[in-house]
Amino acid sequence: MRTPKGRIAVLVVAIIVVFALNFPVYWMLVQSITGESMFSERPSLLPRDPSLKAFRRICEAKPIGQWFINTLIVAVGTVALSMPLAAGAAFSLSRYKTRLNSITGLAILGTQMLSASLLAIPIYVLFRRTGLHDKLGGLIVANTAFTLPMSIWVLKGFFDGIPKELDQAAMIDGCTVGQMIYRVIMPLVLPGMVAVSIFAFILAWDEFFFARTLVSSQANWVLSVGLSSFREEFTIEWSDMMAAAVLFTIPPIVLFMFIQKHLVSGLTGGAVKG
Amino acid sequence: MRKASPNAATTGMICSNSAMTRASAALILPAAIIMGAVVIYPILTTMGLSLTDAPLISLSPPSFAGLSNYANWLSNPDFWHSLWITLIYTFGVTIGSYAIGLITALLLNMEFPGRAILRGLVLLPWAIPEVAAVMTWNWMLDYQFGVVNSLLGSQVGWVTDSAMALWTVTMVTIWKQFPLATVVLLAGLQAIPRELYEAANADGASRLQQFIHVTLPGLKPVNSVLVMLLILYTFKRISIIYLLTGGGPARATEILPVSTYLEAFKYFRLGSASAIGILALAFTFLITLVYSRLFLREEA
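For the record, the sequence lines run as chains A and B.
Quick note on our numbering: the first sequence kicks off at 146 and runs consecutively.
Quick note on our numbering: the second sequence kicks off at 1355 and runs consecutively.
The following block holds chain A by itself, in its conformation from the complex:
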């Protein structure tokens, strides 16, 4: 494969494979800008009489703006709630081996076995009793149930990558634990923190199941619920639905592109080390 010819051959194969696997993404885009001719016997693979009409239609017909803001509130709130907790826990798990830490570590693994449908039942009951039901704040708390373990897990990998000698050096120089974390460790782990925050943001942005179960009034819907509601209508306007899907997809995709490298090393770091 070292020959230029071989490399080009691999490139061609790789392009074909990667683009074939991404066909649904392409199709979503194409269909969102396809005009009235969607329902034809042979759909065209290229956009036919492209227009942005579908985007305008959904913005007029649906409270997309409100859903967008709700989703943003939930995603930002989830990050704001889970990140400080995750950073402290991840640092503690990375540096100390106490009994509390090993129990928490096990609980983190345990969350990986819980399906959203199992969690939804007790959370629903709890929220009905406490009045958190149908509130965006409640949804933020519920989303933390799965962003927190993931954030702790990946952040621990970043903390593990910082040599312990640095902590000790800071301590000998007279730092308290708090100062040591704030002045020495945090600056080093900042890129990791940013990456994990963005990943948590994407998870909360995409979340559908709790949003569907715990929030009922349409004014409090998030985009994932709003989007799924298109399907329940009598006649599905597919180009409208694809336009809504594109709007919903843009923020996470853009963010994903930024953190892709960090995310990959963070996740695989955790996976490789077990």
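A few of these clues could be false.
Said to hold, decoys possible - Using 27 Å as the maximum straight-line C-alpha spacing, the simulated DSSO-like pairs for lysine-lysine come out as follows:
{"no.": "1", "chain 1": "A", "residue 1": "Lys-406", "chain 2": "A", "residue 2": "Lys-309"}
{"no.": "2", "chain 1": "A", "residue 1": "Lys-406", "chain 2": "B", "residue 2": "Lys-1574"}
{"no.": "3", "chain 1": "A", "residue 1": "Lys-198", "chain 2": "A", "residue 2": "Lys-242"}
{"no.": "4", "chain 1": "A", "residue 1": "Lys-207", "chain 2": "A", "residue 2": "Lys-280"}
{"no.": "5", "chain 1": "A", "residue 1": "Lys-280", "chain 2": "B", "residue 2": "Lys-1574"}
{"no.": "6", "chain 1": "A", "residue 1": "Lys-207", "chain 2": "B", "residue 2": "Lys-1620"}
To be clear, the hints were calculated from the coordinates, so they are not data collected in a lab.
Add chain B to chain A, keeping to what the hints say.
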């Protein structure tokens, strides 16, 4: 930063051990409490509910029903059908995600121009929100106007034909999940020392032999964890099936998490739903336990 405050008092030249322990506890406690609230509390509550006949809407005290919910499920053929479907789905998705992940990882591990861009693009299915992805598949798989039937020249009811629906949801889930396998396997491939390939080359090993004797053993450390993750993530997945088929047609795709959800939020039987949720959790736990005994122990 908030974290600084609990230990600000312990100023000293060198931090003592007890201060360290206190620091570690103070740092993990908030998260540990939340983890308890979102993991242990829900499990206990669900177990409690599973012993009652609680309905969803009325929150009047439900009456104790003992183990009757469990007995009902375990003697119900629908439950065993759901369990069977769950196993087929889980193993199908795991094998499929692994296979496509391995192919793409091997391909993207070769040297060619533009490799970084393609490595990013291959992860797109993962980055797309699940709901948006499923809506797109819904449209692509439309019986009459969908692009899949049109391109294949077929007349398949992908999500409406009960013989086909399970394979359809398996396929869509594989599509959504394979990038996780790609990422982990790519990291695994990069961890294999190049010298091993050079030595194999010098010994005159063919490409296939190199793959069998160098690449596959080299992936072993990531394999066991990756397969575990794939099984766990698939076993509890719900949104794809819920949005694609709703568990139908005629329960053909009703895996256990979907049954749990429908029982609770469609038929409003919380007690019964809790029982099936706990049964599903027990099976997940059993599989995890057996798997980790078989494959994870040697590395620990």
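Outcome of the hint check:
no.	hint	verdict
1	A:Lys-406 x A:Lys-309	holds (25 Å)
2	A:Lys-406 x B:Lys-1574	holds (23 Å)
3	A:Lys-198 x A:Lys-242	violated (59 Å)
4	A:Lys-207 x A:Lys-280	holds (20 Å)
5	A:Lys-280 x B:Lys-1574	violated (46 Å)
6	A:Lys-207 x B:Lys-1620	holds (25 Å)
In terms of the numbered hints stated before, the structure departs from hints 3 and 5, listed from lowest to highest.
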